[in-house]
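Asks: Each chain is listed here by its residues.
Protein chains: 2
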Amino acid sequence: MAIKFASRMKGLKGSEIRELLKLTEKPEVISFAGGLPAPELFPIEEMKKISTLVLEEDGASALQYSTTEGFEPLREHIADRMNSKSKTNITKDDILVTNGSQQGLDFAGKVFLDEGDVVLCESPSYLGALNAFKAYLPKFIEVPTDNNGMIMEELEKILSTTERIKMIYVIPDFQNPTGRTWPLERRKKFIELIEKYEIPVIEDNPYGELRFEGDNLPSLKSMDKKGLVIYLGTFSKIFCPGYRLGWTCASPAILQKFVFVKQGSDLQASTISQREVSKFMDIYDLDEHVEKIKSVYRVRRDLMLQTMKETFPEGLEYTYPEGGLFTWVELPSHLDAKEIMAKCLENDVAYVPGASFFPNGGKTNHFRLNYSNMPDDKIVEGIKRLGAVLKEFMVEKSNA
Amino acid sequence: MAIKFASRMKGLKGSEIRELLKLTEKPEVISFAGGLPAPELFPIEEMKKISTLVLEEDGASALQYSTTEGFEPLREHIADRMNSKSKTNITKDDILVTNGSQQGLDFAGKVFLDEGDVVLCESPSYLGALNAFKAYLPKFIEVPTDNNGMIMEELEKILSTTERIKMIYVIPDFQNPTGRTWPLERRKKFIELIEKYEIPVIEDNPYGELRFEGDNLPSLKSMDKKGLVIYLGTFSKIFCPGYRLGWTCASPAILQKFVFVKQGSDLQASTISQREVSKFMDIYDLDEHVEKIKSVYRVRRDLMLQTMKETFPEGLEYTYPEGGLFTWVELPSHLDAKEIMAKCLENDVAYVPGASFFPNGGKTNHFRLNYSNMPDDKIVEGIKRLGAVLKEFMVEKSNA
Numbered sequence: 001m002a003i004k005f006a007s008r009m010k011g012l013k014g015s016e017i018r019e020l021l022k023l024t025e026k027p028e029v030i031s032f033a034g035g036l037p038a039p040e041l042f043p044i045e046e047m048k049k050i051s052t053l054v055l056e057e058d059g060a061s062a063l064q065y066s067t068t069e070g071f072e073p074l075r076e077h078i079a080d081r082m083n084s085k086s087k088t089n090i091t092k093d094d095i096l097v098t099n100g101s102q103q104g105l106d107f108a109g110k111v112f113l114d115e116g117d118v119v120l121c122e123s124p125s126y127l128g129a130l131n132a133f134k135a136y137l138p139k140f141i142e143v144p145t146d147n148n149g150m151i152m153e154e155l156e157k158i159l160s161t162t163e164r165i166k167m168i169y170v171i172p173d174f175q176n177p178t179g180r181t182w183p184l185e186r187r188k189k190f191i192e193l194i195e196k197y198e199i200p201v202i203e204d205n206p207y208g209e210l211r212f213e214g215d216n217l218p219s220l221k222s223m224d225k226k227g228l229v230i231y232l233g234t235f236s237k238i239f240c241p242g243y244r245l246g247w248t249c250a251s252p253a254i255l256q257k258f259v260f261v262k263q264g265s266d267l268q269a270s271t272i273s274q275r276e277v278s279k280f281m282d283i284y285d286l287d288e289h290v291e292k293i294k295s296v297y298r299v300r301r302d303l304m305l306q307t308m309k310e311t312f313p314e315g316l317e318y319t320y321p322e323g324g325l326f327t328w329v330e331l332p333s334h335l336d337a338k339e340i341m342a343k344c345l346e347n348d349v350a351y352v353p354g355a356s357f358f359p360n361g362g363k364t365n366h367f368r369l370n371y372s373n374m375p376d377d378k379i380v381e382g383i384k385r386l387g388a389v390l391k392e393f394m395v396e397k398s399n400a
Numbered sequence: 001m002a003i004k005f006a007s008r009m010k011g012l013k014g015s016e017i018r019e020l021l022k023l024t025e026k027p028e029v030i031s032f033a034g035g036l037p038a039p040e041l042f043p044i045e046e047m048k049k050i051s052t053l054v055l056e057e058d059g060a061s062a063l064q065y066s067t068t069e070g071f072e073p074l075r076e077h078i079a080d081r082m083n084s085k086s087k088t089n090i091t092k093d094d095i096l097v098t099n100g101s102q103q104g105l106d107f108a109g110k111v112f113l114d115e116g117d118v119v120l121c122e123s124p125s126y127l128g129a130l131n132a133f134k135a136y137l138p139k140f141i142e143v144p145t146d147n148n149g150m151i152m153e154e155l156e157k158i159l160s161t162t163e164r165i166k167m168i169y170v171i172p173d174f175q176n177p178t179g180r181t182w183p184l185e186r187r188k189k190f191i192e193l194i195e196k197y198e199i200p201v202i203e204d205n206p207y208g209e210l211r212f213e214g215d216n217l218p219s220l221k222s223m224d225k226k227g228l229v230i231y232l233g234t235f236s237k238i239f240c241p242g243y244r245l246g247w248t249c250a251s252p253a254i255l256q257k258f259v260f261v262k263q264g265s266d267l268q269a270s271t272i273s274q275r276e277v278s279k280f281m282d283i284y285d286l287d288e289h290v291e292k293i294k295s296v297y298r299v300r301r302d303l304m305l306q307t308m309k310e311t312f313p314e315g316l317e318y319t320y321p322e323g324g325l326f327t328w329v330e331l332p333s334h335l336d337a338k339e340i341m342a343k344c345l346e347n348d349v350a351y352v353p354g355a356s357f358f359p360n361g362g363k364t365n366h367f368r369l370n371y372s373n374m375p376d377d378k379i380v381e382g383i384k385r386l387g388a389v390l391k392e393f394m395v396e397k398s399n400a
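Same order as they appear, the protein sequences are chains E and D.
Count the first sequence with UniProt numbering and you get residues 1 to 400, in order.
Count the second sequence with UniProt numbering and you get residues 1 to 400, in order.
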């Protein structure tokens, strides 16, 4: 067969996580592998009312094509919400509605990246973003991190010595996979640096509203005076992912490029989904709904960390997330999280090995745990199983 | 500002049609410019029932993330429907659910095209496809057409003399913009040629089911023995576009690439939209709904063509579409459809000038008329207005 695919297809594989999730679908497996929100919190009854209402009020428009930029009242809601939660000062005209924030990641790659261009990211970083960017054949440089996120001195070193840096991808709030958050001082220093070097920044913020404790921090977008920050938001974690609705907020010259790309990619986001989510925000209190989510996730985080403390062997380190969905475990450097995962599956518990979160590879002694998608009793039971497996490996290896 | 966009962004502009549509939004304008289905036919009452039902039956799953490939029962419905309507012999495993067929076009570009690769297409061809492909920086070669679509002798000449042809993009049924359909003999010859040269084909078929008269013809996909044809379908024209649901049907090795690309682009199509459209097909008769659409569009086509016959000046040619949404008008070669369009807008009637349907430019004496989106009386009135403007130009120019 003579079919030739594009060069980009060589490096493009399915997400390891999505493949792994298939193995964890058996009901007996307690899986901390996914990044799914808790479905028992979805506003099903409310959406029954809303979907009828939207079709009654203007069904013909709800089922028709509409503008590429998105449904205006929804964009207004999004702008208001960003101004209140992320301290920005924007309007609906700064917003493009996308299919989840994942689509914003793809568009960022499409808008900015030629083959061989350089993307900077936190080390480790969100696998789905790395995969989206890979389609445009960039090189990744991983900026070293510590418990407070990206290390600014390291970033500056890279910025001052590297050519063809086209964008910096960051998740400053409850990062995926580590759960870490950048403190205010680091945010300020970061903005100073990007203003100096004039590099566009993708600020991915799916979890920012899910803070369980401590003070809300201003988004990078809110500190951005030069229009360099492209902010990606989503309804997937504060509402529900099934509608596939997110947004991109950027300065006019950049947003216009995203709109062109949206047009060629799929014309527009679903008209009816946009109207339904907008109507929900008209009638119900999304803040109240987010509070409910936070109170449940907070308990789960506490349970998970408490059980880890009680049952994990000595010599492991893990992050303390002040919000979001994940904690990140570091094993002693001689252990391989993929190898341990095989044993975990035999014991009906699962996580995501950390290797694929490092775009340039080489680090195998981490894994990511999700606490949002399992009920309390399963969190305790699953972490106990995991602790037992880990003990085996730690003892085995120290005896070897 | 030092921001550098990717090279692809230089050639990427917003769709001329979408920009034009903004000018035609005034209620007094009778617009034949869009390609919108008739909203008065949308099954609003049915969807009110369906949306409640889907949330009642399994709301938690309907609002959660799901698989990249798509909702299995929907993929089964699609496969069954293709086997019955397009004479294929496929299963749900050959189907990926996308955001409209537009997303399949973008994915085709992403999967197959490196910069400088060649795409063959009908001359003229669908603007939205050309724009989607342009993001991947190909060259276009336009294959000459006549009233029966692509001319196979011309195609063979190009195939035998051109390097780096990566794909052929065609709309064999009621083409956009011309409304033309390829007869069976041409389809057979086409399949022979692509099997000889082993070139992947994108068969875009949004309108195939909307045949008002004559016999249904087999899809290229149904005649494809070598797995070269990638078939794109959509619910936008046979159901409603607001859900943004379409599909790609391809042989396993190709479909797998599309699935990887879908994952990086936006993870999956809307879970709830997929379940709603699938449930509609469980409970209601989509065939019956399509019959209703066809009977309305047929009347509109007849009215439009009849009024054109009565009011258009001599010296114009236009196609007779046996189905679909469009007819295509050719002006004498000295006339410019864009120039006439300005005058049309003054007279509150609109069409799409044909120039942008030719990817390599140079042809300005055509325009596209849509008959699906205007009620009967407006079709008559609008075509009369258009006829009057055309007469002015024909007379003016012949006196000049």
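Just so you know, not all the hints are guaranteed correct.
No distinction is drawn between identical chains; accordingly, a pair holds when it is met within one copy or between any pair of copies.
[To be verified] Mimicking DSBU-like on lysine-lysine, the simulated pairs with C-alpha atoms at most 30 Å apart in a straight line are:
1) 226 <-> 363
2) 10 <-> 139
3) 13 <-> 384
4) 13 <-> 134
5) 10 <-> 134
6) 139 <-> 4
7) 157 <-> 22
8) 294 <-> 196
9) 257 <-> 134
10) 157 <-> 378
11) 48 <-> 10
12) 4 <-> 384
13) 196 <-> 338
14) 10 <-> 92
15) 257 <-> 26
16) 134 <-> 48
17) 196 <-> 10
18) 226 <-> 13
19) 384 <-> 157
20) 13 <-> 309
21) 22 <-> 257
Calculated from the structure, these hints are not laboratory results.
Everything numeric in this text was worked out from a predicted model, so none of it was measured.
Asks: Between residue 157 and residue 22, at a C-alpha cutoff of 30 Å, which is it: within one copy, between copies, both, or neither?
Replies: neither (41 Å within a copy, 48 Å between copies)
Asks: Treating 30 Å as the Cα threshold, decide for residue 139 and residue 4: within, between, both or neither.
Replies: Answer is both; intra-copy 23 Å and inter-copy 16 Å each pass.
Asks: For residue 13 and residue 134, with the copy left unspecified, which applies at a CA distance of at most 30 Å: within, between, both, or neither?
Replies: both (10 Å within a copy, 24 Å between copies)
Asks: Classify it for me, residue 134 with residue 48: is the Cα-Cα distance of at most 30 Å met within a copy, between copies, both or neither?
Replies: Classified as neither; 39 Å inside a copy, 41 Å across copies.
Asks: At 30 Å max between alpha carbons, let me know whether residue 384 reaches residue 157 within a copy, between copies, both or neither.
Replies: Result: close neither inside a copy nor across copies, 43 Å intra and 69 Å inter.
Asks: What label fits residue 22 with residue 257 when the C-alpha limit is 30 Å: within, between, both, or neither?
Replies: Between copies only: 19 Å across chains, 36 Å inside a chain, cut-off 30 Å.
Asks: Can you tell me if residue 157 and residue 378 fall within 30 Å by alpha carbon in one copy, between copies, both or neither?
Replies: neither (45 Å within a copy, 66 Å between copies)
Asks: Using 30 Å as the alpha carbon limit, work out where residue 10 and residue 92 are close: within a copy, between copies, both or neither.
Replies: between (39 Å within a copy, 26 Å between copies)
Asks: One pair to classify: residue 10 and residue 139, alpha carbons no more than 30 Å apart. Within, between, both, or neither?
Replies: The answer is both: 15 Å in one copy and 22 Å across copies each meet 30 Å.
Asks: Please work out whether the CA atoms of residue 257 and residue 134 approach to 30 Å or closer within one copy, between two copies, in both situations, or in neither?
Replies: Both: 20 Å inside a chain and 14 Å across chains, each within 30 Å.
Asks: How would you classify residue 257 and residue 26 at a CA-CA limit of 30 Å: within, between, both, or neither?
Replies: between (43 Å within a copy, 27 Å between copies)
Asks: Could you figure out if residue 196 and residue 338 sit no more than 30 Å apart (CA to CA) within one copy, between two copies, both or neither?
Replies: neither (41 Å within a copy, 46 Å between copies)
Hints 1, 3, 7, 8, 10, 11, 12, 13, 16, 19, 20 from the list above are not met by this structure, while the remaining hints are.
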